[in-house]
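Please build the complex by placing chain B on the supplied structure of chain A, with the hints as guidance.
Just so you know, the sequences run in chain order A and B.
Numbering that gives the first Met the number 0 applies: residue 0 is where the first sequence begins, and numbers increase by one.
Numbering that gives the first Met the number 0 applies: residue 0 is where the second sequence begins, and numbers increase by one.
In short, the hints are calculated from the structure, not lab data.
Only a predicted model underlies this, so the values are computations on that prediction, with no experimental measurement involved.
Accuracy of the hints is not assured; some may be wrong.
Straight-line alpha carbon distances no greater than 25 angstroms define the calculated SDA-like cross-link-like pairs of lysine to any residue that follow [said to hold, decoys possible]:
| no. | chain 1 | residue 1 | chain 2 | residue 2 |
| --- | --- | --- | --- | --- |
| 1 | A | K360 | B | A336 |
| 2 | B | K136 | A | P263 |
| 3 | A | K360 | B | L332 |
| 4 | A | K360 | B | Y334 |
| 5 | B | K360 | A | A336 |
| 6 | B | K136 | B | A88 |
| 7 | B | K360 | A | S166 |
| 8 | A | K360 | B | P165 |
| 9 | B | K136 | A | D264 |
The lines below spell out each chain.
Number of protein chains: 2
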Amino acid sequence: MKLTVISERRRQAFRDVRERGFADRTSIDEVFAWIDRYARITEPERIAIEESVGRFLAEPFIAPSNVPRIDRAESDGFAVRSCETIGAASYNPIPFSLQSPRNALRPFSAALVMAGVPLPLGADAVVPFDLSHAEEKFIQVILPVAQGDGVNRTGQNVRQEDVLIPSSRPLRTSDIGLISGFGINEISVLRRPRVRIIVAGSKSSVDRRAVDVNGPMLVPKILRDGATIEGFRFGIESVDALAEWVSRPGADVVIICGRTGTGPDDDAPLALATAGEVSIHGIAVHPGSSTGMGFVGEVPVLLLPGSPLECLCAYDLFAGRLIRNLSGRGPALPYRAIHAKAGRKFISSAGTTELCPVRLKGEEAIPLGSVSGGDFASIARADGFVLIPETMEGYPPGTPITVYHYDGFNEAGGLL
Amino acid sequence: MKLTVISERRRQAFRDVRERGFADRTSIDEVFAWIDRYARITEPERIAIEESVGRFLAEPFIAPSNVPRIDRAESDGFAVRSCETIGAASYNPIPFSLQSPRNALRPFSAALVMAGVPLPLGADAVVPFDLSHAEEKFIQVILPVAQGDGVNRTGQNVRQEDVLIPSSRPLRTSDIGLISGFGINEISVLRRPRVRIIVAGSKSSVDRRAVDVNGPMLVPKILRDGATIEGFRFGIESVDALAEWVSRPGADVVIICGRTGTGPDDDAPLALATAGEVSIHGIAVHPGSSTGMGFVGEVPVLLLPGSPLECLCAYDLFAGRLIRNLSGRGPALPYRAIHAKAGRKFISSAGTTELCPVRLKGEEAIPLGSVSGGDFASIARADGFVLIPETMEGYPPGTPITVYHYDGFNEAGGLL
Chain A
0 MKLTVISERR
10 RQAFRDVRER
20 GFADRTSIDE
30 VFAWIDRYAR
40 ITEPERIAIE
50 ESVGRFLAEP
60 FIAPSNVPRI
70 DRAESDGFAV
80 RSCETIGAAS
90 YNPIPFSLQS
100 PRNALRPFSA
110 ALVMAGVPLP
120 LGADAVVPFD
130 LSHAEEKFIQ
140 VILPVAQGDG
150 VNRTGQNVRQ
160 EDVLIPSSRP
170 LRTSDIGLIS
180 GFGINEISVL
190 RRPRVRIIVA
200 GSKSSVDRRA
210 VDVNGPMLVP
220 KILRDGATIE
230 GFRFGIESVD
240 ALAEWVSRPG
250 ADVVIICGRT
260 GTGPDDDAPL
270 ALATAGEVSI
280 HGIAVHPGSS
290 TGMGFVGEVP
300 VLLLPGSPLE
310 CLCAYDLFAG
320 RLIRNLSGRG
330 PALPYRAIHA
340 KAGRKFISSA
350 GTTELCPVRL
360 KGEEAIPLGS
370 VSGGDFASIA
380 RADGFVLIPE
390 TMEGYPPGTP
400 ITVYHYDGFN
410 EAGGLL
Chain B
0 MKLTVISERR
10 RQAFRDVRER
20 GFADRTSIDE
30 VFAWIDRYAR
40 ITEPERIAIE
50 ESVGRFLAEP
60 FIAPSNVPRI
70 DRAESDGFAV
80 RSCETIGAAS
90 YNPIPFSLQS
100 PRNALRPFSA
110 ALVMAGVPLP
120 LGADAVVPFD
130 LSHAEEKFIQ
140 VILPVAQGDG
150 VNRTGQNVRQ
160 EDVLIPSSRP
170 LRTSDIGLIS
180 GFGINEISVL
190 RRPRVRIIVA
200 GSKSSVDRRA
210 VDVNGPMLVP
220 KILRDGATIE
230 GFRFGIESVD
240 ALAEWVSRPG
250 ADVVIICGRT
260 GTGPDDDAPL
270 ALATAGEVSI
280 HGIAVHPGSS
290 TGMGFVGEVP
300 VLLLPGSPLE
310 CLCAYDLFAG
320 RLIRNLSGRG
330 PALPYRAIHA
340 KAGRKFISSA
350 GTTELCPVRL
360 KGEEAIPLGS
370 VSGGDFASIA
380 RADGFVLIPE
390 TMEGYPPGTP
400 ITVYHYDGFN
410 EAGGLL
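Isolated chain A (complex conformation) (with noise of 0.2 angstroms):
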């Protein structure tokens, strides 16, 4: 879209903010609902197999031949006819002559065969090396074995045409061997959201400090949630350079961090005004009340507060969450939810969703003071969070409380 076509009405239908503060805000509800809109991006493209790991494929995949192809020997050991077996015991051996495993059995005879290699014509069954003593030039078998025995049959384990692995779940390791094991090395996979981060630094010493801070934190958490990243961008901006980054083609989202307040510089919305539409801007959240979304065209934007702790928490709760919809993650929070007990009494305001840090102490999870002092450093103090919905003033100690953990690791059964 051209700059110069920017209607003086775009600019007019947000609210300034600025040096007047906010006249109300959007409960979280409201603004997950206008997040929850965006879906998965269904475009498919062509990668190696071994990149694969976490992705979603484009299509179920069906098994393109049997698997085993033809009847082979399940484990290593003597292929046999089962019903020449019948009898045998340790003090009743029954001797079977060694032929090679390339010509069909003779009568009461045996081949010696590894797992994975076909049967011997004749052969319906495999004798394990301990159910058997090995001579020069012969065998004796001491337990009997059943027709099938050993023996991994055409198609016992897949069948041609077979939906093997769903297009539901992302892929795992094991899919990765089982796709290989077909001789497929490239797969068609859904693409990951492209995300553009604008770090939009102002004179004001927190937000220049926001460029050194929170670049570095948002990446990794944008490649966590299943997205590549498509620019970066950090600077001191004008209004219309940050519009005009905002416009530019190529990304599924865009995200603003910096100059989203109150402060005469916080002209973030109004470059987003001037792009395209400010659809929220303030939300009954704390920390990230000043966080704002809107769209140019078909491209959501994100604007994400400069303080660091507000930047972390609008982003798992906000922009975290609309680009886990674009890569099929799902809105969930990506962090562990344990049950826990309040251990203290948790303070909130009636009408915020509060995101509060803890610490837990056994069962028990200990709020970490107040963060209302952009207290970046309590979050390394803590263990994970509570979030307290706005209906709530708080929790009296002992109440059932979901801890989201910030640590991927289970002491149960860890997980990054």
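Just chain B now, with coordinates in the frame of chain A:
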């Protein structure tokens, strides 16, 4: 070490199971005890802060300065003397003259400040925009503020010399922001273990398949467990070539995949006995019973079966555990542990630990038939697996069991 000085004694010490079978198998607890003698590699390395998510600090991170370094505005608004706002109300607004924030505050004056900037001398609180009406040259304050309101005092968030980030947990994205905020771009973390993979195909078709299937599967699993790939080698090697590949310096762990069974080609244990020592070969586990382990000098060597299903199970249970020990992630399985109930009867052999793939149906875990056919494809249909201890012969329906879920995604709080 030089291969020419290998003693014949060593070759004799290990029991050759080829074409004989295993006389006995080591219990999984003994194997875990062997693996768990290996602990965290504690050598530090310097890396860029952006690359450090999930790594462990070599030393706890100590705050190099106070945060904030000086008293500063916590939010956008007007810096005032709090005592002068006493009595302010919407029906009794108190006027303050506007002045520059660079000068000391005059009586009944206010200075426009943005979050993060130093307070003017004399100011002890910040009035947010929504508690004031701004005119041309003065503001009306409509609610009193207390001393310290809207102010972030020197050292309030972090005191110099405080321990900010422990070295006991992996670094998070927020830590990266926190460290970056001090202007630090590079940190010391513990280095990752280096893993050499040797996929040792043989002439049997199953082991040739291992070459295609297991390599692509092992690489992402090793990375997941916090290690790097030191080298990757695959092909049909002689025993001496295998022994030499195992002995070359540079790796913290060597994995040989394939040729661990009882067939005539299964000479990976012999190669290990030639180069070093075989401590364990044959484990009371299913699948994965032909797994072995030992060492060459100080370097542990894992022998994994070539059949993809057995390789997968043996990696997760044994090789992965060793690597997770070395990388500091700890021995626990890297899967989400879920409480479920046996939805049907589970069958296993007493004396053998059984890894049984399951499908989840609500709270019930349904066993996915037998995997004795090396039915690697069953893993794709599974949601996870259950470990049945060697002391059990299975579970009757309704037994509470733990399911290890393959997908890092959690409907309640998704994780990759």
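We went through each hint and held it up to the structure:
Restraint check for A:K360 and B:A336: the C-alpha separation of about 21 angstroms stays at or below 25 angstroms, so the hint holds. The hinted pair formed by B:K136 and A:P263 meets the criterion: a straight-line CA distance of about 16 angstroms does not exceed 25 angstroms. Note on A:K360 and B:L332: the hinted pairing holds, with a Cα-Cα distance of about 23 angstroms set against a maximum of 25 angstroms. Simply put, A:K360 and B:Y334 have alpha-carbon atoms about 23 angstroms apart, close enough for the 25 angstroms limit, and the pair holds.
Note on B:K360 and A:A336: the hinted pairing holds, with a Cα-Cα distance of about 21 angstroms set against a maximum of 25 angstroms. For a cut-off of 25 angstroms, the pair hint linking B:K136 to B:A88 stands: about 20 angstroms separates their Cα positions. In summary, the hint linking B:K360 to A:S166 is supported, as the alpha carbons are separated by about 19 angstroms, within the 25 angstroms threshold. The suggested pairing of A:K360 with B:P165 holds, with an alpha-carbon distance near 16 angstroms, which does not exceed 25 angstroms.
Restraint check for B:K136 and A:D264: satisfied, since their Cα atoms lie roughly 19 angstroms apart, inside the 25 angstroms limit.
Every hint, counting from the list given before, is met by this structure.
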